[in-house]
Amino acid sequence: MAPPDFRRPFKRAAVSDQQRRRELTLQRQAQSRHDAQQRVRNLASTIISLQSQEPDDAADVVLEPYPLDIRRASRMRGEQVRNWFARQLMLPEWMIDIPDNLSQDWYVFARPAGKRCFVVASNGTTVSRQRNGSILHCFPSALPNGAKTREPSGPAHSYSILDCIFHEGDQTYYVIDMVCWGGCSYYDCPADFRFYWLNSKLEETGASGPPSYYHKYRFSAVTHEKGLPAAYTDATPYVKDGLLFYNKHAHYQSGNTPLALVWKDAKCSQYVLDTDSTGEVPDQQQVVLELQEDGNLITSDDPPIIFGRLNSEFIQQLGLHSGNFVRCAINDGGLSFVEGKLEKADLKYIGKCSRGRAFADSYSKVVFQYMARHSPLTYDDLLVAANKPPSDVEMAG
Amino acid sequence: MAMEVTQLLLNAQSIDGSVRKQAEDSLKQFQEQNLPAFLFSLSGELANEDKPADSRKLAGLILKNALDAKEQHRKFELVQRWLMLDATVKSQIKSCLLKTLSSPVPDARSTAAQVVAKVAGIELPQKQWPELIGSLLSNVHQLPPHVKQATLETLGYLCEEVSPDAVDQDNVNKILTVVVQGMSSSEGNNDVRLAAIRALYNALGFAQANFSNDMERDYIMRVVCEAALSKEEKIRLAAFECLVSIASMYYEKLTPYMNDIFTITAKAVREDVESVALQAIEFWSSICDEEIDILEEYAGEFTGDSDVQCSYFVKQALNALVPILLETLLKQEEDQDQDEGAWNIAMAGGTCLGLVARTVGDDIVPLVMPFIEENITKPDWRQREAATYAFGSILEGPSPDKLTPIVNVALNFMLSALTKDPNTHVKDTTAWTLGRIFEFLHGSTMDAPIITPANCQQIITVLLQSMTDVPNVAGKACGALYFLAQGYEDVGPSSPLTPYFQEIVQALLTVTHREDAGEGRLRTAAYETLNEVVRCSTEETATLVLQLVPVIMLELHNTLEGQKLSSDEREKQGELHGLLCGCLQVIIQKLGASDQTKYGFMQFADQIMGLFLRVFACKSATVHEEAMLAIGSLAYACGPEFAKYMPEFYKYLEMGLQNFEEYQVCSVTVGVVGDICRALENKVLPYCDGIMTQLLKDLSSNQLHRSVKPPIFSCLGDIALAIGQDFEKYLMYAMPMLQSAAELSAHTAGADDEMIEYTNSLRNGILEAYSGILQGFKNSTKTQLLIPYAPHILQFLDSIYVEKDMDDLVMRTAIGVLGDLADTLGSNAGTMIQNSVSSRDFLNECLSSEDGSIKESAEWTKLAITRAISA
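Note that the protein sequences, when read in sequence, are chains H and F.
For what it's worth, full-length UniProt numbering labels the leading residue of the first sequence as 1, then goes sequentially.
For what it's worth, full-length UniProt numbering labels the leading residue of the second sequence as 1, then goes sequentially.
FYI, nobody ran anything at the bench for these hints, they're computed from the structure.
Any given hint could be a false lead.
Each computed DSBU-like pair below joins lysine-lysine, with the alpha-carbon atoms no more than 30 Å apart [claimed, not checked]:
#, chain 1, residue 1, chain 2, residue 2
1, H, K240, F, K598
2, F, K855, H, K148
3, F, K174, F, K127
4, F, K231, F, K267
5, H, K201, H, K216
6, F, K862, H, K148
7, F, K231, F, K253
8, F, K619, F, K644
9, H, K216, F, K598
10, F, K651, F, K564
11, F, K231, F, K331
12, H, K115, F, K683
13, F, K862, H, K216
14, F, K21, F, K75
15, F, K644, H, K348
16, F, K855, H, K201
17, H, K240, H, K216
18, F, K782, F, K697
19, H, K267, F, K598
20, H, K201, H, K226
21, H, K115, F, K644
22, F, K644, H, K352
23, H, K115, F, K598
24, F, K64, F, K99
25, H, K216, F, K855
26, F, K598, H, K352
27, F, K70, F, K619
28, F, K99, F, K70
29, F, K683, H, K352
30, F, K378, F, K331
31, H, K348, F, K598
32, F, K94, F, K174
33, H, K148, F, K804
Going by beta-carbon spacing under 7 Å, a handful of chain H positions derived as facing chain F [unchecked claim]:
#, residue
34, R7
35, T25
36, Q29
37, S32
38, R41
Glycine residues also receive a C-beta, built at the ideal position from the N, C-alpha and C atoms.
Extracted from the complex, chain H is given alone in its bound form:
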């Protein structure tokens, strides 16, 4: 005898897994749709604009940050915004030699492993954008104007921008730097001031508190001032990915800067040696370079460093174009330096990079990776430098 149609079959779960798959997919799609629409709406209220007048092709223009009024910002299309953000983060160079006065002029702290992003809070929403400009989260937060709460937490149009790393493990935004707060820009302030201000502000607003309805993720400032041994050895609530060195006097500067440095070894990072597109560490070091009109292969530095060149026949044969990013391996000839400058690189062409790629490698990254494979800069080297007393002023007579 068959059960009535609407009775759950004997000893069966109420919902089938297929139904669950369907529902979860629908949820994801609805969320993505909502996010996509919110993105368009948020754009209109994000405090950013272009210096140049309405360029048609955003990729070709130099974009510089400065806070501007909503009306101009709202004219920016999706891709422009992404490109703009892609260029705003201060990107540390890789430490290929130890700066002078390490102990006196530099903060050192353990870098959290995770997604580097800009967090922008304005008009009641907080948006985090990754290095390539794509949105990571869109959420309410206790940052000024970061959530739609009943009591406004700041002047209606004020905004805040933090430089963070999102750590998946504890779902926390570790704040490494502060760019704007409550409508004030801190671009032009030295790092020690920015860090001091950051700590007190996070505390004040409750942004460092546990998540709640109007505060979806915890923000936690990294401890900037612990000194080298502590940064290297002390346990952190996050997984470490190398050490960051920030010059105390440096202003916040978009793009690559030698005034912020990153250093890694196997003890403080899982990702010392770069992996290739399959996620494996290749036998030979690989570098990503940008192809120029004249066939030169350059780094992302400004001015760029030329690592080699492809002849035009080869370029044509491969169907490459200027601006393409190409992947090369460093052959046994290695890199040769003369007086600290790159003289020759023995490169082997591997292939074109995926289109998702936004940057070539920087000079310092290539060299750091090269050193890491051959003669790494060790923790002991750093320790020696850190313990060295500040150098005396040199008399010039």
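Once you have looked at the hints, place chain F on chain H.
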């Protein structure tokens, strides 16, 4: 001609295939050449007492099939065709039908009864055939019993076919009068009585007014209860079926009768034949369903708004009811666990016990525990199984506070029974009970965990071991593991399952390879559990999940290596494809959710896509749906890179959008179009002409299941958002469709809850389309193209606001559209917006909403409007 028809109809039932085929073809030809003559000759055949019973019966069936079909659009065509038929022919056919009701041949009468009802189903709503009911009623009084029986049967079918509002109350009263008279114990003829009770079953929906009249209701209930005590089994069964139906239709009217009904049902459950006992149990299950719904509504936001008051019948009957149900649990059938479709008194009793637990909560526990304690260690497997089943059945409903201490004591016993009990039934039920324990009492919301570091290892070991047991037990063990994993869904960065992940996955894969994995649902259960284990895994095991990708890919690849298969094997193959695609989908979604894991996964993207495309070459609806779902996740993970798959994939996308019959496939495909739009953004443009054509066709089709339409509207928005002002060329097609759908969905007057829910989903789709279009055109030079549509959009917003029946989601989307309108059209729409009700009352209502996301949308809208006005 008439002679010829008889022979054709007999030949069409011949055992000789070629004779049969020829006859069928001839009948078909006849029908196509001259439909009125064909139908008339069929009715003549049916009415002719000189013809053989077999040809008469088939004539009636063909006639019936010419009036009705399962598919909605086909049905609609047939109805239209009948209505267009010449009135004289129709009247001749109808008189043949009515005449047949008096035939001494039972099959002829019964078939005619069904055909009359079909014709009535078409004509009565058109106010045609007004004399039908009168003539049927006049039949009842004067004629011999077999005519009375056929007439009551016809009235029953008629009530099943025709909606209550097509029959006026006067006729309803008359129908019920003859039906109830026919039911009464004074009716000497059992066939007549049975026909009357069955007619009442269908007529219950017509009896609203009569059930509101105390005297009439008392009378109806009395005859039903009397019939439930009849000596005739069929009559008792039909009467109990009526009681079940009354329980859900007239719950609120039952109080005066519950004492009697309890006595009758208790007796039936204990003493009657199984078919009747099952209905008696079903009566209580239905009462539970009603009370669960009412109590849920009480617990919901709208306290006191419930139309129906809870009468707490279950609570009142609890002490007497539970022992009766527990007794049924001991009446298991041998091998019931092997039979998928089995249903017997023990199963029904356990199901009812579970519903009682959900209705009364904690109160059931002390009534069931003694039964469990007494039976769980008995030598007779029936007692051990019944005790376990009782325990498993009451795990949903009572509070965790009440159950957790008991479960903590029972858990060890269960684990040892699962490995050591000599009886498979007991093990099966034990594994199922463990699953229920994990489903309802294990998870992050529980105060006291039942799975601890101390017993976790043991539980998993036992479950994995049970997966090597006989298929039904192994399947239940997989099910238990499913809920065990689910309980760790939001456990945070570190899951207690991490140390066992590899072992669990390995064990599940081993199950899928068992030779007997095809028995029951074993293989399905194993893959479903694997899916849940993956879904609930944390970053700690991301690399292990990644390693699973090539494993499942290989499985899929192997199943695609085609040898020639029988249709039976092909079906099994199709099922397996579905499971594997489903599994890959879950993995893709999992790995695609975080950038770190996505990176590792992308190396497989090309190959996976290749496999999915090969799966599409197989013809099976569920598989297409699973592969489609998986491709949506892949597009989401790949982002713009997905563009490279489009040239090859596109034709399957189009096929999916054209799949009206398997509407789930169509629906899923529509969702995938959205995923692709978001992934490719304007790179989707080259495919948009084809996609849009198909979507617009879908929207104007009356064959497509209505549930697919709201997502199609949302999808239009996805496309517009992706391609921006290039949507221009579709505006002239899309906008009028949106507009007419908006008009249809603006008002819900008189609709039931289900219809209001559907209308709201339609509104949401339409509004999402408007949002996408408005946002897509923002900042373009072509925004003025949208200005002509603005008044209508505003009008739509105003009218759904005034209607006051939108849900929260529609509210959020609607207020957002208002903002998008202001944002995109700016000062062009400023005045228009200011003059709308939406910009004032609706906006204010949203601004003060308790719902954060509505408030958020509203504040954005307020800002956008302020800007539009001041610009």
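> Which of the stated hints cannot be reconciled with the structure, identified by number in ascending sequence?
Replying inline: none
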